[in-house]
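Student: Sequence:
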Amino acid sequence: MGTGAAKTKSREKSSKFAKTMRNHRKDAGNSLYRLAKAPLSSCMTVLVIAAALLLPSLLFSLNSNLASLLAGFENNARIVLYLTAATEDARAMEVSESLLTYNDIDLAEFVSKEDALRDFSNAAGFTELLAGLDENPLPSTIVITPNMSSLDGLDSLAATLEAMPEVDLVQVDSLWLRRLAAISDLIGLIARTLGLIVILSLCFIVGNTVRLHIENRKEEIKVIKLVGGTHSYIARPFLYTGLFYGILGGILASILQASVFLGFSDAISVIATLYSNSFELPLLTPVTVIFLTISGGLVGWLAAVIAGYRHIGAINP
1 MGTGAAKTKS REKSSKFAKT MRNHRKDAGN SLYRLAKAPL SSCMTVLVIA
51 AALLLPSLLF SLNSNLASLL AGFENNARIV LYLTAATEDA RAMEVSESLL
101 TYNDIDLAEF VSKEDALRDF SNAAGFTELL AGLDENPLPS TIVITPNMSS
151 LDGLDSLAAT LEAMPEVDLV QVDSLWLRRL AAISDLIGLI ARTLGLIVIL
201 SLCFIVGNTV RLHIENRKEE IKVIKLVGGT HSYIARPFLY TGLFYGILGG
251 ILASILQASV FLGFSDAISV IATLYSNSFE LPLLTPVTVI FLTISGGLVG
301 WLAAVIAGYR HIGAINP
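Anchor point for the sequence shown: position 289 equals 289 in this note's numbering, and the numbering is continuous, going up by one each time.
Bear in mind the hints are in silico, worked out from the structure with no lab data behind them. Some hints here could point you the wrong way.
[To be verified] Distance ranges between label pairs, derived from CB positions:
(1) Ser41 <-> Gly229: 24 to 32 Å
(2) Leu212 <-> Lys26: 21 to 29 Å
(3) Leu32 <-> Asn316: 42 to 50 Å
(4) Ser232 <-> Ser41: 21 to 29 Å
(5) Leu212 <-> Ala18: 48 to 56 Å
(6) Phe264 <-> Tyr33: 37 to 45 Å
(7) Ala36 <-> Glu215: 18 to 26 Å
(8) Ser259 <-> Tyr233: 39 to 47 Å
(9) Glu215 <-> Ala18: 18 to 26 Å
(10) Met44 <-> Leu298: 18 to 26 Å
Don't be surprised by glycine CBs; every beta carbon is placed ideally from N, CA and C.
Whenever a hint applies, use it, and build me the whole structure from the sequences.
Tutor: This is the structure in structure tokens:
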């Protein structure tokens, strides 16, 4: 007896769930149909949502790619030790070899005065002029390749190396990396701020659109309330309307972003080549499409919830 009652209760739950899903599919289909019946206004709303999502998305993508580019530059950072004039080559070689025992150093290459002068004269084209010098003005150097990517770690290592008695000067080309990192942080801050502003703006835009949909069906809503329709039942189609607006806006925003990146790809490639880097902006990644689609859908749904229940509750049968 207990088993039969449990089976009956389970079937009732399954039947109720199936009925609920059918109602949801029906409401979703009706919402799409109503959007398709007004293509101009629907397209304008979707375009506004896409344009609003586009700018913070561009900044987030730019900041993400800039961070990866910065990491690549940091991994290629070099520290140059200029040795004192009194340091002989034999001692300099010993220092270079001892530096390899440091955990933070991958490579230490000794460059003698003669090699430095020869490389400079070949690169600058002053071979004959420099050959007439009575004395080599260039110091011996040790070029170090660290195995760290932290700028603070590079500065700490440079301070340690500068304390060595054989070292006259330490050069770390990190200033421009710090500037690039500061720019990346600023872009990230702007992107987050714009993202918050965009969410608030989209809530207003979608909410106002949903309000117009509710006003257009005001008499129908009054009838549904008279026959006992709940606010949740009445609001469901409008929630799907906001959700579809947001999803379509997110998809269009990802396509627009790909178009923007495509238009700037040549200029970015030229800049990357100047820095001996093969950096390329991805046109349309699945992550971007999924992120913008979900973000747009959530914002559209949230705005529809806020506006839908508020305006439906204000309608009296």
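Student: Give a verdict on every hint.
Tutor: Hint-by-hint comparison with the structure:
In this structure, Ser41 and Gly229 meet the distance hint of 24 to 32 Å, their C-beta atoms being roughly 26 Å apart. In this structure the hint that Leu212 and Lys26 lie 21 to 29 Å apart at CB holds, the actual value being about 22 Å. Between Leu32 and Asn316 the beta carbons are some 30 Å apart, a value that contradicts the proposed interval 42 to 50 Å. Checking the proposed 21 to 29 Å range against Ser232 and Ser41 shows it holds: the Cβ atoms sit about 26 Å from each other.
At roughly 33 Å, the beta-carbon separation of Leu212 and Ala18 lies outside the given 48 to 56 Å, and the hint is violated. Distance hint for Phe264 and Tyr33: a CB-CB separation of about 39 Å, consistent with the stated range 37 to 45 Å. A beta carbon spacing of about 20 Å between Ala36 and Glu215 agrees with the range 18 to 26 Å that was offered as a hint. Take Ser259 and Tyr233: their Cβ atoms lie about 41 Å apart, and the range 39 to 47 Å holds.
The hinted window of 18 to 26 Å between Glu215 and Ala18 is violated, with their beta carbons roughly 33 Å apart. The hint said 18 to 26 Å for the Cβ distance between Met44 and Leu298, and at roughly 21 Å that hint holds.
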